[in-house]
Amino acid sequence: MEIIEIDRIDRTDTRFCVSFPLEDPLLFKSINAFGIRVPLLLLDTAPHTVVTGFKRLDVACRLGLTTVPCSIRSMSEKDALLTVLNDNITRPLNMVEGALGVEKMWGLRLPGEEIYAMMTLLGHEPHEKLLKNLLEIARADRQTKEFLVKHRANMTHAELLLGFSSTERSEIIALLCDMHLTFSQLREILQLLLLVKVKGERIPFEESPRATSPDALKLSLKKRTHPILSTFEQQLKEILAKAALPPKISVKVDPFFEKEFIDIDIRARSVDDVEETIESLDGLIKNGWLRSIFELTKGTHRN
Amino acid sequence: MNLPRVHTETKGDLVRNCPGTRNHICCGYKTIDLVEGCSLSCSYCILRGYLNAPHIKIHDDLTYILAQVEEKMDIESEHILRFGTGELGDSLALERELKLHRPLIEFFGRKKRALLELKSKWASIRTVQDVLNPYTVVSFSLAPPRIIAQEEKRTSPLHRRLNVLKQVQDRGGFIGLHFDPIIIYPGFEKDYFYLIQDISRILDLKRVIWVSMGLLRFMPKLYTLFLLEGRRNLLHGEFIRGEDGKYRYVKAERIRVYKMLYELLKNKEESLFIYLCMERPDIWKEVTGMDVATTEGLTALFDKRVKNFYGGGL
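Residue numbers (our numbering), protein chains in the order written: chain S, 1 to 303; chain R, 1 to 314.
Derived by calculation from the structure, the hints in this document are not laboratory data. The beta-carbon is built from N, C-alpha and C at its ideal position, and this holds for glycine as well. There may be inaccurate statements among the hints.
Claimed, not checked - In the EDC-like style, the derived pairs of lysine to aspartate or glutamate whose C-alpha atoms are separated by at most 16 Å in a straight line are:
hint	chain 1	residue 1	chain 2	residue 2
1	S	K298	R	E286
2	S	K248	S	D273
3	S	K259	R	E243
As the list claims (entries may be wrong) - Which residues of chain R face chain S? A few of them, derived with a C-beta cut under 8 Å, are:
hint	residue
4	T224
5	G230
6	E238
7	R241
8	K251
9	E253
10	I255
Given only the sequences and the hints, what does the whole structure look like? Please build it.
Printed below as a string of C-alpha cells:
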C-alpha cells in the first residue's frame, strides 16, 4: 500500500465504475471519523485510473483530503473489470449497478457467454432481451437511474419507464418522486401512463397534482383508460349510497364486475338484528337496487 | 423470425385435455402436441410470453403419439372426441417441411371414431390434400385484413385462407371457422361486417361444422409487452383481469361484440353452430340465449352437432 496525491488520479475515467450513486452518507461519516481504511486499487498509468474505490475517492474529495491510500497494479482492462465485478458482487448491487457491470463488460466486448454468466450471477435470466434492457438502464440519464434506485425498481418497472421519451420520463419522475409507492402501485401507475400514451392520448401531467396519493393518481388515470369500468364503479357507489344499507349489511361486488355473483355479508348479534336485516334486504329488492347491481355484474347495464 | 427446429425425444403426455381456464367454459377439446412453437409470430400469441423457448420443438414419434390418441378414444368412448394440433403451434405452417400430419390424418380416417382438426393461419393444404378424409376438419382463424396485415404479419392473407377453405369444401370436406382473437379497434365493427360478408359469399355456410368466437385475452406478461411495443390495436379496448388472471375485455363489451357477431353470422345462416371459447355462463346466456354452464354441457352440444353432420358415420 502507498499514499498518493489525489491530483495524480484521473477522476473522469470511470471505465470501471459500477457504483451508483457514488454519494454514500454512511461511508462519508465513517471516513470522516476513521479515514480510508481500505486502499483504492489503481491502474499503473499516468494519471492513474481507478479500478476500485470510486466511492472512497468521492468522499475523500468532499472532505478535502489531498491524498488517499492505494495499491497500484498493472493489469489488462478485462482483468481490471473482472476484479471490480468480483469485488462488488458480494454486496447487494442495486439494479443500476448490475446494469453498469454488464454494460462495462459489453463495452469491452467480452464474450457473450461471460456476459450471460455475469447476468446469471446478478439474478437475471441469460437472455438477449434482458441484456438489451440492462444496457438501456446503464445508459439512461442520471435522473432515471436515481428514480429506479430510490424506488428499488425491478426489471418490469425499468422497462416501462424506459418506454417513455426522455421528456415524458422526466415529467413522470417529477410526478412520482415524492410519493411512497409500493412495487405494485409503481407498476400499475407506469402501465396506466403508458396505456394512455399507446392509446394515442396526451399524458395529463397538468391534471395530476404532484402531491396526490398513488391511489388518487391511479383513479384519475383509470377514468381515462377504463371509462366503462369507472362508470360502473361510480354507478355502484351511487346505488349503494341510495340504498343506505345499515352497517350490519355489506354488499361486495367483484372489482371488475366479472363474477356473476355478489356477496352479501350480514352481521347479526340477535334475532332482532336478523329481522331488521331481512327487512333491509327486502327493501333492497323492492326498490330495485339489487337488480341494478346484478345488471352491472352481468354486463347488461345500460346507461 | 426463422426459429431453429429441435427434434426432441417424444415422451410424457402429448395428447392432453385442453387446459381450459378457471371459471370459464371449455369445449372439451383434446390437444396433440406435435409441434411446440410457431414461425408465424403473431403479435398477440401466447407463446410470446415464454422467454425460454427460442426454438420450435418437434415431437415426431408418431407411433407413440397415435397410441396415446387411441387410448383417449378408448377411455372416452361416450363422446365424439375432437383432437387438434393447433394449440401450441400452427397445424399447417410447417407441414411442408415436417410432414407430420399425413399419418395422423390417415389414422383418423381409418379409425372413424373421432375428429381431427387442423387449425391454422397458413393457407396451404397441398401436402395433405390427397389424404384428407371426412374425419379431418380444416379450420382457419379469420380476422379482418387490417388485423392480418398488422398483427399476423407472417400469416396467409384472408383471401388465400378463404380460397383454401373453399377448396376443402369443394372436395367434400368439412371446415371450421375461428374468430379468435376478436380484437376491438376503431372501426372493427365495419371490418367484421365485411369479413362475414366475404365469408358467406365464398363459403357454403351450411357445411361449416363449427364456428368459434373468442375475444382477445392474454397473460399479464403480454400486457407489458403490448404496452412496450405500442400495440394500439391490441390495447384499444378496455381490459380487466379475469378470474383466471388473464386480461379480458370488460364483460359489457364482450357481450356487445359477441352479440353483434353472433347476429351477423346467424343472419347469414341460421343453422350455424357457434360456440364461445373460454367464456362465462352468463355471457353464453346473454349472447346465445342458451344455458351452457359447464364444459360437459358444451361437449354435449358438440356431440349433437357432429352427429347431425355425420349421421351414423361416427
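Hint-by-hint comparison with the structure:
1. S/K298 x R/E286: Answer holds: S/K298 to R/E286 is near 9 Å, not above 16 Å.
2. S/K248 x S/D273: Within the cut-off at roughly 8 Å; holds.
3. S/K259 x R/E243: holds, 8 Å
4. T224: With Cβ-Cβ at 6 Å, under 8 Å, it holds.
5. G230: Where the cut-off is 8 Å and the nearest Cβ of chain S is about 5 Å from R/G230, the hint holds.
6. E238: Interface hint status for R/E238: holds (5 Å vs cutoff 8 Å).
7. R241: Status holds, d = 6 Å.
8. K251: It holds, given that the least Cβ distance between R/K251 and chain S is near 3 Å, below 8 Å.
9. E253: Holds. Min distance 7 Å.
10. I255: holds, 5 Å
In this structure, none of the earlier numbered hints is contradicted; all agree with it.
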